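These are the residues of each chain, in order.
Number of protein chains: 2
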Amino acid sequence: EDVVAGIRTPQPIAALQRDMPEIYGQFTGVCNLLEQHYRDMQDVEFTVERGKLWILQTRTGKRTAQAAIKIAVDMYNEGLLAKEEALLKVEPGHLDQLLHRRIDPAAELNVVAKGLPASPGASSGMVVFDADVAEKLGQEGKSVILVRTETTPDDIHGIVAAQGVLTSRGGMTSHAAVVARGMGKPCVCGCESIRIDYEHNQFYTEDLVIKQGDIISIDGAAGSVILGAVPMLDPVLSPEFQELLVWADQVRTLGVRANADTPDDAAKAREFGAAGIGLTRTEHMFMAQDRLPIVQEMILASGREERQAALNRLLPMQQGDFYGILKAMDGFPVTIRLLDPPLHEFLPNAEDLAVEITRLRLTGGDKEEISRKEELLRKVRALSEFNPMLGHRGCRLGITFPEVYGMQARAVFQAAARLVEEGFNPVPEVEIPLVIDVKELEFLREEVTNAAEEVMKDTGVKFHYTVGTMIEVPRAALLADEVAAQADFFSFGTNDLTQTVLGFSRDDAEGKFLQDYLDKKILADNPFMVLDQKGVGSLMKTAVELGRKTKPGLLIGICGEHGGEPSSIEFCHGLGLDFVSCSPFRVPIARLAAAQAGIKV
Amino acid sequence: EDVVAGIRTPQPIAALQRDMPEIYGQFTGVCNLLEQHYRDMQDVEFTVERGKLWILQTRTGKRTAQAAIKIAVDMYNEGLLAKEEALLKVEPGHLDQLLHRRIDPAAELNVVAKGLPASPGASSGMVVFDADVAEKLGQEGKSVILVRTETTPDDIHGIVAAQGVLTSRGGMTSHAAVVARGMGKPCVCGCESIRIDYEHNQFYTEDLVIKQGDIISIDGAAGSVILGAVPMLDPVLSPEFQELLVWADQVRTLGVRANADTPDDAAKAREFGAAGIGLTRTEHMFMAQDRLPIVQEMILASGREERQAALNRLLPMQQGDFYGILKAMDGFPVTIRLLDPPLHEFLPNAEDLAVEITRLRLTGGDKEEISRKEELLRKVRALSEFNPMLGHRGCRLGITFPEVYGMQARAVFQAAARLVEEGFNPVPEVEIPLVIDVKELEFLREEVTNAAEEVMKDTGVKFHYTVGTMIEVPRAALLADEVAAQADFFSFGTNDLTQTVLGFSRDDAEGKFLQDYLDKKILADNPFMVLDQKGVGSLMKTAVELGRKTKPGLLIGICGEHGGEPSSIEFCHGLGLDFVSCSPFRVPIARLAAAQAGIKV
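Here the protein sequences come in this chain order: A and B.
At position 45 of the first sequence the residue is numbered 45 (our numbering), and the sequence of numbers has no breaks.
At position 550 of the second sequence the residue is numbered 1550 (our numbering), and the sequence of numbers has no breaks.
You may find that some hints are simply not true.
To be verified - Below 30 Å or equal to it, Euclidean Cα-Cα: the simulated BS3-like pairs (lysine-lysine) are:
| id | chain 1 | residue 1 | chain 2 | residue 2 |
| --- | --- | --- | --- | --- |
| 1 | A | 211 | B | 1379 |
| 2 | B | 1520 | B | 1541 |
| 3 | A | 551 | B | 1534 |
To be verified - So the derived label-pair ranges between C-beta atoms look like this:
| id | chain 1 | residue 1 | chain 2 | residue 2 | range |
| --- | --- | --- | --- | --- | --- |
| 4 | A | 518 | B | 1288 | 51 to 57 Å |
| 5 | B | 1567 | A | 446 | 28 to 34 Å |
| 6 | A | 518 | B | 1093 | 43 to 49 Å |
| 7 | A | 365 | B | 1093 | 54 to 60 Å |
In case anyone wonders, no lab produced these hints; they're calculated from the structure.
Just so you know, these numbers come straight off a predicted model, no measurement behind them.
Even glycine gets a Cβ: it sits at the ideal position worked out from N, Cα and C.
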């Protein structure tokens, strides 16, 4: 008690060995016994009174992720644990600490301010003070750091678009901190030594003025703000970590793939042990600066012919995208989802346009420019939607504009044909999003199959491909027996499925009322981070049962964000899914969680 | 054949009786036999050749709705049919013809143009040329007639807000005609004698100029356009129609209620035989011109106190609303749904505000006005949502602002207490919208129960009430066993349930891609008009089974638009629902369809 009360200072354990070798021998004996009994590292309290050893308390020791891995591997090597037991000793969620980018320790850093280390990882980008600007620059492919006194739910879209967040106010549970951790983005918060001047779009440190557009770096694990870009190191796995993951792979039956939209991400995913790509989003490819104007031409085309002309220019670019990804994943399956988001996401904002037109009119602007912008505004308005999430997107685009999906399918198959010719083994899986009825799939499957046959005929090359569907709308799950008849695979899009099953728009829920739901304990977890097993999960179960009733061996995976969350992975294992797919950096977490799920059952 | 070819003109049947009484006797004998055999009115082709009667063909006769009713009632009275058989002779959907408002035949009409009779019914209103303007005026409670050359999907919100639609181009299957018929609104289309001048906001008839804001009337059954307002007659039911409906009520087990938001609608519903109100939407009450400013104060309040002050002013108004409706439905249940739509629907449009601010700035507008509008824009932006349908609405408002639901519950109960004191028998059913989890219902039920107890204590009056929930989000249906524990009743909101199960925003689907789905036969019907039995229906079945597993006698109804559609009513009967609820004018259709569903089973 004196120790706990701080009255006496304990001595290092080595002092015991030196001063009381006999007691030390007794003590190590007891410790070994305890570790063998509890099969885990123990945190043992003891005292020595009048030459006699008293064991006061023992409990499983707390540890960092890195230590947990080392202890588990050591205990296996010492024969204390079986592999399966060692695997259960590491909490998959904690691995997150080891899987973020960090600043090269050899780098010279110009640290200009210090705040709270609110969310691990490091990143560099242009300083931006406004969420809308961050979103806009993000869409243009720029790296930005969002800098705010505090963030509010209205800034969510800016945080999504930014590489990191810096705030001058608020603690470890402030809005910015909680949101950034949820998204896995670096965040430094409560950085009180900086002063933000929104009016002039700049912030002040003790002796510097940093303007919008200047480059800074933040280290969310250290809480530091650094001037300029700095060299970063991608996370590498320690030998013990690698070993543990090899064991996990031996044990698990659930496959692990990654979500990746670029050859770089695909390569990173391979490095982390992903056995394929479970989701390639093709819309990000359309947002690139050199393509957006052509995409806009396609969208604003006044007829099929004009649209086809724009598509013809996009075709070689898309082919290049798919070539790179399929090559990086040589021999492994790559699920390529055809265009999914509503088209107006590619167009300018109506409000901005309306304001600009008003300004031009009142300041005697160029008549022709005004009428061109008015025409654009008219089209933007015609394409705008009340609820874009439930609007003209996904396979509905493919139904109304089959030529768009046709172009994408052709690009996939041309890339595959070229790779086969070069001696590679591409395994493309073409995925149709937002299906609600087997007839959509039937219609679009034919479009895809025709493209494949054309490319085979044109190139004289045979390649393998499959066509499957996302299950992300309740109706597809409820009618999965019918849908399966036209699908080579199912992939659960649990982000969208959560949105429709709960009637929660993620942006609006996280921005407006979800916190209330968690505070009032109406929901135990954010359903976009931890799968809602009772609601969403029960529909998934229905879909698996119905789908495999029609096709017993149907390949089924999950590619929503939940695919990287341990409790959700355990649930997916229980459902009998074939694979989970998650962001490349979460692949090791998923490999371990999948192994644990198999062991626990 | 000569007759069919038009070479000979047939003679009236009376001529046969006069000229060949014997043949006539034979003929009526055969006809009676045929009618008895087919148990329906027959359309008999015959000829007389050389004094001999030849029956050429017989088939069931085509008829108008009014004739169908008369034939069915006559055949019962003549002993040819049992009541059940007579009820099956009338197509419920056809009754629509008899259930619309029409122009008083005694009125002097100044018909200024004629077009196609595209959708039955008549209405008067201000001429408006723009869907946005129509929507705005509609929200202010104005009656408007939308006048366009043609309508497009972009005009949908204007058609929703208008009392009728007039177009100068397009036929009976043009967009305006199809949409108006779907919504049960009068429409005159293809009115080629008018010329619309959008630039000057007016249209020309042969000799008149009619400006925006002028009042016109249209008769969608006659295709006429009339200058000024004209006296209208509400539909009345013929004695045979009344009799048929009495039989229907004797046969059917499924209850029929109406959706009504005003005492007038409630009275109309009673007149048409509704046994209660299945849905009173309280948001329409908030849109009235005298209330909107107070509602906006409530929404924009900077804290609970300020909000409570606005709510205190709304309380007596809401009490008056509920008093009127409960009184009109004396002795019958009235389901009152607490506030449902997203709050920003009550606020001005962000784009309009942004444009106005730009204009004020560039034209040296009043500084104070600019900053007031900027503050308003900031709040409007903060409340705006990406997908309002899936956003901060329904019981989510009650969770974050319990005082809003508290005020509404108090208003219901104060009205009930006053009616009890006056000797009436109010039966309020308080309904919580958009529930996804039993815990929401538990939390809000307590709020409502507290209000009831307070009112009983304050007034010393006891009254009856129940608290139940909408089932309109998939999760509520999937977890209906849990939800039922806190619910006195379920009511299926099949409009929202269709939106979430199919992932279809109604406005966007009908405006953008649904037509393609129908054309390509991916869907057989518009799922917002005819219930999607396979998808939405299967979830309803689950909810009924689970709900009644927890509470065997649970009262369950449907209040979506499907509650007035015959095939959907038949489906609801099969599910074992207690009632359907539909618009007052469709109550007779529902009564007949419910009876037929009972007979067919």
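The hints, checked one at a time:
no., hint, result
1, 211(A) x 1379(B), "holds (28 Å)"
2, 1520(B) x 1541(B), "holds (29 Å)"
3, 551(A) x 1534(B), "holds (20 Å)"
4, 518(A) x 1288(B): 51 to 57 Å, "violated (36 Å)"
5, 1567(B) x 446(A): 28 to 34 Å, "holds (31 Å)"
6, 518(A) x 1093(B): 43 to 49 Å, "holds (48 Å)"
7, 365(A) x 1093(B): 54 to 60 Å, "holds (55 Å)"
Hint violations for this structure: number 4 only, all remaining hints satisfied.
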